[in-house]
Structures are given as C-alpha cells and as structure tokens.
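Novice: Each protein sequence line maps, in turn, to chains A and B. Every number in this note's numbering is 404 more than the matching position in the first sequence, counting from 1. Every number in this note's numbering is 667 more than the matching position in the second sequence, counting from 1.
Quick caveat, the hints were computed from the structure, so don't treat them as lab data. All residues carry an ideal CB built from backbone N, CA and C; glycine is no exception. Wrong hints could be hidden among the right ones.
[As the list claims (entries may be wrong)] Keeping only pairs whose Cα atoms sit at most 27 angstroms apart, straight-line, the calculated DSSO-like set for lysine-lysine is:
#  : chain 1 : residue 1 : chain 2 : residue 2
1  : A       : K536      : A       : K521
2  : A       : K509      : A       : K481
3  : B       : K1161     : A       : K633
4  : B       : K833      : B       : K678
5  : B       : K833      : B       : K1015
6  : B       : K833      : A       : K682
7  : B       : K678      : B       : K1035
8  : B       : K833      : B       : K967
9  : A       : K536      : B       : K973
10 : A       : K682      : B       : K1161
11 : B       : K816      : A       : K682
12 : A       : K633      : A       : K488
13 : B       : K735      : B       : K678
14 : A       : K682      : B       : K714
15 : B       : K1035     : A       : K633
[What the hints assert, rightly or not] Partial selection, computed: residues in chain A whose CB lies under 8 angstroms from chain B:
#  : residue
16 : Y620
17 : R652
18 : H654
19 : A686
20 : M687
21 : L689
22 : P699
Here's the letter readout for the chains.
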Amino acid sequence: MYLQKQFLVVNMCGIIGVIDRGRSGMDGSGIKEALSLMNERGSGEGAGYVAYGIYPDYPDYYALHVFYDNLVEPKKKVDELLEKWGRIVQQEEIPTYERPGLRKKHIPWRYFYKPHKDLVVGSSTPEDDLVKTLVMDINSRIDGALVFSSGVNMGVFKAAGWPEDVADFYRIQDYKGYIWLAHNRYPTNTPGWWGGAHPFNLLDWSVVHNGEITSYGTNRQYVESNGYKCTMFTDTEVVAYLFDILGRRHGLPEDLVVKALAPPFWDEIDAMPERQRKIDHAMRLTYGAAQMNGPFAIVVATSQGIVGFTDRIKLRPLVAAENGNKLYISSEEAAIRVMDPDVQNIRMPRAGEPVIGRVIV
Amino acid sequence: MTLGSVPLRYKVSIDRDQCMQCMRCVDNCSYGVYRVEGDRIIIDSRKCTACHRCISMCPRDAITLQEKPVDYRSHPLWTAQTREDIINQARTGKIILAGMGNALDYPVIFDRLVLDACQVTNPSIDPLREPMELRTYLGKKPSRLEFRKNDEGDVELVTELAPNLKLDTPIMIGHMSYGAISLNTQLSLAKAVTEMGTFMGTGEGGMHKALHPYQDHTIVQVASGRFGVDIDYLERGAAIEIKIGQGAKPGIGGHLPGEKVCVDVSCTRMIPLGSDAISPAPHHDIYSIEDLAQLVRSLKEATEWKKPVFVKIAAVHNVAAIAAGIARSSADAVVIDGFRGGTGAAPKVFRDNVGIPIEAAIAAVDHKLNDQGVRNEVSIIASGGIRNSADLAKSIALGADAVYIGTASLIALGCRVCGNCYRGLCPWGIATQRQDLVDRIDPEIGGRNVANLIHAWTLELSELMGAAGLNSIESLRGNRERLRGYMLDEGMLKVLNVEPVGA
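Next comes chain B alone, as it looks inside the complex:
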C-alpha cells in the first residue's frame, strides 16, 4: 500500500449540542456515512458525496459539511484533482468514471451575453396586460405556401404541412432513460410536461407501462443499443428521436451497469436481468449521413409519416455542417447537446474535454442553416447546461427553437449535483433502482415541483420578451440584435454573430 489514502473530499460534522439523535441522517444516507454505536452517531466522512440528503433532512440544522478539509500544497498546474486522478489511475489502471456535466472551469458564454430592453423609442409590453405568445411548433416548415381559389372564390391552402409538435412553452425535458433514473423520477417529469403542455424524452431505455398515460407528451428515443425499441414503443411517442451522440461524452456509447438492471428495467429495455446494457459508440447501421437519412425514413415509414423525427448530436467542432446534412434528410429537428450536458456516467476525460459549448453550437448551426436557406427544414433544440430562464432566452435569441433541460429538472426533484449517479445509490431516489430509495420520490409532489420550475421559467421568459418589446417567440428566435456580448473576444463575437456591449 505504497500510495496510502488521498485526503478527504468532504468533512461532515455534527453539532452535538444541537443534535437530538433522531437518526434521520443515519436512515437517509445511502452511502453509509453514518452509523450508530451505542448511543452515539459515528461519522465516516470519506463516504460522503455532498449530496446534502442528511443536511436537508436534519430537523435541527446540526450537520455541517466542509469541502476539501485537507489542503494540498497549492499549485496552479498540479491541482488536487489532477494529483488524485493520477493516484487513482496508478492504483486501478482504469478509465475514471464520473457523473453529471463538465466539471472544468471553462468560461460560461451565457454569462457573458446580456439581453436588451425597451426604453422610450419602443414601448415594452406588459405580459400581465397583453398577450404573450410562447407557443412553439417543432418540425419541418415549408419555405413558402401555395394557395388557390376554389369554385366559391375562397382562398384555399394547397401546401401540405408536415406534422409538428406543439409546445405551449419552449422548454422540454431531455432524454434520461428508465434505468439511469428511477421510474418515480420519470413519472414526476411526465406529469410535469403533461401539465405544462410540453414534452419529455424517454431516453434509450424503452417506455415503462406506467408512462403510457403520458405517452402523448413523450419523445421516444432510438439509440445505438436499440434498447426497448419495437413498433409499439415507436407508435406510443409523440415524436421519435435518433440519438447519435450526447454532449457529456461525444463519440462514445453508453453503459448502464448490471446492478441497475432490475426486473422492470430488464423488461422495459428488453435485455436479460442484471446484464450490463452497453450501447455501442456508433449505430451499427449508420456509417454516413445517407445511412442516417435512411434510418429517419425507415422510422417515418414505420409510423406512417405521422410523427416528427429528431436527430440528436453532440456539439462537436463541425456541428454546423453536420446539422446542415441532417436538415437535408427527412428529419424534423436537430438536437444539439453542448459539452456541459449531464449524464449518469461518462469517462471523465470525455466529460471534461470533448465537445464545444452549446452557445457557440446554436449560433453556428442557426447561421449555417440560414446561409444555406434550409433553416425552415429543421427545428433546432438546444441542450446541455441550460440553468435558468436567462439561458433559455439567450439560447432562443441565438437561434434555438426550444431547449431540453435535464439537470435542472432533476435539481427540482432534490438532486444536488453530487455527481455520483453511476453508483446507483442516489439518496434522493433519482439515479437509482433501489426501491426504498425510489420510494423517496412521490411523483405527485415531484411532478408539482418540476411543473413549478417550468412555469416559473415561462413567466420569466414572458417578462424578458415583453421588456424587449416582443410578444411572440418567433420574434426572439435568432434575434441577435437583442443580445450583446460582454467581455467576449472578437473571435467569439464573430461565431455568435453578436455585437459587443455599447455597439
């Protein structure tokens, strides 16, 4: 044991004067930080993940948590994290696994973009007094309409419109599979999107029958593992999404550990009980853009051209050209997942180093599609690190039609972004299949919380639009005039096609 142990990441302590020995911390911690010896609660800080479950359940606010209680010699290059990763890999010889999104300290472009408001020359619009339209349609739109006059002299529409998804608010919940997250989590999300008139993704895990009542508000996913895919599944969804890649781990597949594959997950995914579910890196029938176009058409044929088909790609360097290729297929929307996108499990080296930020990806894709005159051929759905209504408004102003949120919706269910999703012990009942933990989420209450979040962002978006003198979401979409870059370099401004503040 030449390496010994690394320092504690967190130090947990209990204020013994405050503590009333109710044992809620002991009961709630699924990581085994607390145990009882005699009449004393003993703490093993090394097991702590900073999930805050104990802290939020302590009736006396007796628990405190400190991050990095032991200092390393400070060094700008050899950070504590770098050193610990090396020690870890020296010990195991393995790829380091991590949960949630990119954890490196890249600048957040959203935070360097500011929104506009009206003063004098144009009146702002009060959404409490005037209509404010957030309704969004996702799918192919014709580039022009043809009309004819019928025998009675009335104008009639000749152009046939492709099916579109109708959203009451441009906020959807991204794909998090049953298996990665619990059924009660999915049910909470499903209740919320149904109430708010929007949609959620099923992820690549099939659709549990408990979700069938909400199927009109779900988007079913077809990913490289094809888990859970049959005609019944395809027909239940309001739309179908082909997942090529994901922002947290562009270029690689997925891995659901066998421990999370319980009876229900195994049935829903159509895989053996307890077996690892491994999605390959590429789809084994897609090796080119024309193969993708073929799969889009196959899915459309299978569902009689009644459902929009989306294609999700990770935001990588060449995202704009790839999106332009997708726009030329029969696909109805392109989902771009930025490098801050969350995940249950990803190799840390991918999570932190591969892909590009969503802000730049949206702008590049929107610009390219407009340049080529095919923007109407696909809707743009942005995801990966959308934290609040300002990010939402900025995403739309950069050119997105709608956004997917993932992590934010989980935080609304208790998630504290501790990043240990892949261990299957989530004390909040989110990223786990252990029934006693799953039961901690009441889908009624969870659904209420997530619906509240979407509702709050919707209100804030309305206010932001009204202040900018806009009363329909179409007029915010791609409206770079209403954005300015603050402390962004010239190259970045050029990519975003945004003027600096003051200009």
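So that you can see chain A by itself, here it is in the shape it has in the complex:
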C-alpha cells in the first residue's frame, strides 16, 4: 500500500445511462451519439461503454475482458491462474477496428469462464468471491494484464480516444444490451492509460462517474480492510467495490447503499420520525467510512437495474427522464434527447436522492 503511486484520475466528464426495464435490447449506436454530443465535457483521451445482456450465447458464464500488453508472458500467467480455479469455455480477441484517431495500445481479450465454486468455502456467493479474488490478483500481480470487466453476460468496452472513435473501434453497434452506461472523459492525470477510462466494473457492478472523491483515502482504507485491492489508479474503482460490499455482501437494497454513500445530514436525520431516524442514524454510524465526499454524479448498473445519484450537495449535474420502459440518467438533458427525442418526465433529482430503474421481467 505504501508508496504505491496514486495517479488519481480526476474527471470533469459526461455520463449517460439507459435501461429498458422490459429487457428489450438496444444496440450501441444511440448511446454513441448521445455520448458524442457531450464532447465538450471530454478531451478525447478516454471514453467507454458497458452493456448488459450482450452475450446471450454464454448467459451463465463470467465474461472476463482483459487488456493485454502482449499475448506471451502475461497471457500465459492469466491462463494458468484461470485454469487453476475454473474452466475457460471460450476465449478470443475482442474484435476491434483501428481508427485514424485510435491506435491499438493494448490487445482486448475476452474469456467466458466458469469458476470452480467448490474451491471456496464459507461464502454464500462462492463464484463471485472467487472471480473477485482472481481479478484483484491479476490486476495487482501480473504485469501487462488488466481485467477491466468481470460480470456475467455483460461487458465493458473502453479506450483512450473520443467517444465515437472508441465506439467504432469496438463496433458497439454490433452489441445489443438492455442496459447501457457510457462515459466521456476529461482526465487530468494518466491521460493515455486505457485502464483509466470508465466504466469501471467488478463482477456485476459497473460505474460511471463524473467528479472527484475527496474522501478517497478513507474509502480506500475501508474497501482494503474488506479485502479489496485498489489497482486502477483512480478514485472511481472504490465506488464499484463499495457497491459490491454493501450491495452484494451486506445485502443492502440500492436505495440504502446510496444512503450509505451519500447520507442525509444529521439535522435532517434528527428531524425524521423515530423508525426512519433509527435507520439513518445506524447507517451513518456503521457506514461512515463508506460515505463519499466531494463533487460527484454517479450511475451504477447491475444486471438488475441502474441507479444514479449525486453527492450530498449536488456539486455535479444529473438529469433523469423516461419513455415507456426506458429510463435515462445523464449529465445533460441534450444527450438524452439525442437518443430519444420523445422522452417525458424530465427531472433533476435532488442532492443524494437516488434515481432507480429496475428490470421488471
């Protein structure tokens, strides 16, 4: 932990997320257009997308997306590790198409993977725990390999470049997902690093984040004391880990996870009715180290839905809108309108108030 260089990535950034609550697939062309519209919020040095439901042929397998610096040394080590703890049913290079503005710096690779859950004892989610450990292990110990996506039937696509170039590099229009998140990055540190682009993902959790987490040191210590390793050189990864701890391991529903991360002020809590006050009081005492401070707007996705929220005094913008089964959350209304000109019910959530969209089928 000591003297591990903290190239904290600081973002201005534009974010957008969409869910079709009826699980109808959307290809990536719409979100590409929406994200490109927010190019003023980026600098052409990082963009990324995540989509859920894109691998219907492998619905029960962990899709591990890995950046390799080369396919010799690091890949051999990763293959060995994965085969030791599970079964690789399929692996391939992720198809990419080089663009004038985007040269391949890493080789994006994907595995469809089944961990041997019998190898883990004492866990209610042995497969997730095993994959989490493997991701942490590879990212902290194997040079030249970075797992940037590790959920089931979902995948992250990201690189350093403008949103439209990154989208075309991966041809995201070829993927159909019922949830998409996207991020346009304005980095102030590690600009050329692909791993620094959003979304950040761990297992089923994906995060796009506009802002800076001033409580990072506290949050990092909290996730590390819970067995996570921060390896991505960015404050955003702790958000994914916090959701994994509180949402998966502690079993809190999304609204309570958001409440832990962006809790009401004590004055508000003191004025609440007894039952609610008791809950909020306990939440702040228990999850104080998970509380996130600083300016941020965040959208988190799982296969079950998306949730967007801002910091406690809303120092970054967030807009939500709906159209039928679709719920949009974005930094800018204009981006939503590009994707869907007929949206209704456009609103700006209050500071710390979660906007939640769950799948209904």
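Add chain B to chain A, keeping to what the hints say.
Specialist: For chain B alone, coordinates are given in the frame of chain A:
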C-alpha cells in the same frame, strides 16, 4: 557545601522608572520571588518559575524576565540541563521530578505534515454557506446492518447498536484529576464541555459533588489506585475510562503528594486527609489482556451495559498490537496518549525518554485495526501534545476519531507551562489546592475561555475540511490522501502511510 549553587534559571528585573509600587507582583507570586523591605520591592530571582503571573498582572509592564542569564561553557553533549541534573542528583540521591510534558527537543511530526486543499477539479466547500458536520460518535459500531421487512412492508432495523457518546465537535478534555488540579479548574472545564456539547475526563480522583450538574458531560476514570470509585461514581459518568497508562510516564503509577490532599480531596478520593495518594504501576487485577477484558465487562455489568467503556494506554512501541487486543474486548474506545502528554508530576527520565509520538501511534493503531478488519470495534481517541486545530485535523486524517486536550485547555485558563505543577503552589489557581490561589479562577470566566478555545478550533477545523472539499468528519477520518509528509524520512512515511509532498 562543595557543590555550591547552580546558576539562576531566570532573572527577574523591575523597571523602577515604570514601577508604581502597587505590589500586585508581591501579592500574586506564590513562589516568594518578591518581598517588600521598607518601600522597596526586593527580588529573589532564584525562586522564579517563569509562570508569568506577576508579568501578566503588572499594570505598567515594568517586569522583565530573562531565561538562562548565566552562560555555561557551551557544549553540545553536556548541556546546562544535563550538568544541573547531575549536580542535583549528586546532592539528593533522588529521582528528578518534573511537571508538564516531554521537554526534550524531538522533532514534531505534526509540523512535518501538511494538509490539502481543493483547486479547480473539485470545489472547496464554504462552511458559512453549506452544512459542515463535525458530529462524532464514540463507541462500538456494527460492521454491517441487518434489516427486515415488517408486516406493513416497511424496512426495519434488526441490528442493535451499542451505546455511543455523541460529540458535537471531536475535541474532548482529557483526564486531570481533582487533586492534581483545583475544583475551580475542573468546574471551568465542565462548564466549557457542557456548553460545547462534548466531554471531559474526571481523572483518577473521584467526582466532587460540585461537578454533579455536569455529570452527563464527564467521563469517569478507573485507574490503578481506584481512588474515588464506587457505584455512584460509575453511574454518574456518561462513559467510563480504564486508565492503564499515561503518555507522560508510561509504565509507572501516579503520586499525589499529601500536601495536596485537603479535606475535599480526601473525601472525593476516599483516602485519609493529608496522605499521599499513590497509584500503583499496574492494576493489581490486570496482568494480561484477558484480565483487562474482564474488568471492562465488570464495569459494563455494574452499569447495565448502558455506558461506553474506554481504555487508555500510553503510546509505547507495541501500541498497535495492544490496541488490537483492546478492540477484541468489550471496550468501546482506545485512548492513546503520546509521549508529549502532560502531567502534574512525573519522573523526568520517564517524561523525556519513554514512549512514542502520538502521530506515529495513531497511524499505527488505525492501520493495524483496519488490517485486521476490527476498526469498527473501537473508536480511537488521541491525546498528548495536541496544540491547535491543525494538530487536531492531522490527528483525524491519520485515523483518530477524536482528541483529548489537556495542556491546551489549561493554557486557556492562564497556565504558562512553567512545569511546576507538582509543587502545589500554582499561582494561576490551576495545579493547587490552596484556597486563596484556587479562588483566582472564576469558573464562569474560565469556562468561557475554554469554551472559546474549543469553539475557535471547531471553526478552524470546519474551514480546513471545507477547503479540502469535505463536509463530514467521517470523510476526514483516516484520509491519508489529504496529508503529505514534508521532510519526513522514508521509514516515518511508511509508518504514517503518507506520501511525501509532490507525490
């Protein structure tokens, strides 16, 4: 008399042109520096302690004081202090007694840590316009919460929370016993903490009945002498603290000289009038960590598990492991007292040489507890040499939940850190039981001064947090990202888990 006298430590002089012979200096000096012969004030500089009482009371600014008016031959090893200590011990054959905190010139780590502020990428928060939350809860916290849905479909909390102390600001006043300090001093402190929504320690001296109106803001102490401890005392405190050791003199007990044991002190401590109150080095029922856990449980049983129990230890080399052991008992907080902690009386060799600095101790304890996943089991209270709001902010960023201040609160009552507390003649009415001296403190005014100090630090802490883009104290706690080490060596940075400036 082969040794003769050592040179004067201080030389006092009066500007006779300025002096108007008001005699305030004569009246105020309890050490007998001044006397009147005829119409002239005669000065005996040898008795001076540099307490500044005369200087602060002189209406004409006529008094000047010079330290070390006589030079020794300079020598880097055989300092004046070293030589005088030897002369002293050659004369007496005794342990040298000293007051206040560590007086050796160790580097101050706090002064080599700098805080962070926001620029551009994250906005700073203005505490005058936005909420700024310093509220702190001390005590055990669950590591996770369990909820269930009731029949109406509402979410209900299943997890039971242990009682916690609620502080409006993370500044408390440490344990200074009645006996060591005067009743008016304790009353001033009690009024201040009650007003500021925080707490003070009673020290190992029982609780005088005059403090009962403030008992909800006191933490009662159980130390090795068990002075003043009965069920009534335990039940009055908002929390109970077991004192194992103290930063000024780790590993040894306490000694209140019989001269300070007046009627009231004797009643409050439950000891005979005029007898020395000697606290043994160890508790005679604690010889292991499991014995400590037993005492914690006994105190909790006695008070029906309604009160948090703290354990105070001196910051010694192995402080992190000891704290981890305490975290595994039923204790709610561990108090770490650094080697700069003050005291009324300590053997000088201990005060100046035993223990470690509080900065390193906080970081080591916080790190160890996090490493072992038990940080939520105990709060960390840091004490021993916290001088200002910057030390406070840095302590919290290194991992403390709150701090105890001692010396700083006494300075707010007039103390000039002269270090003669053990003599019982404190001219400021603080470390004395002589009624005419004690009366020099008006608890109303004293309370105001101490409350002002806590208030000022609280404001400054809010500003520092706002500048760092933080609006709640939870987000500063253990946030090493907001600290950088300046001219600290690599080993120290590693212990503190802090990056150097520029990194």
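Novice: Are any of the numbered hints broken by this structure? If so, which, sorted upward?
Specialist: Of the numbered hints, 4, 5, 7, 9, 10, 14, 17 do not hold.
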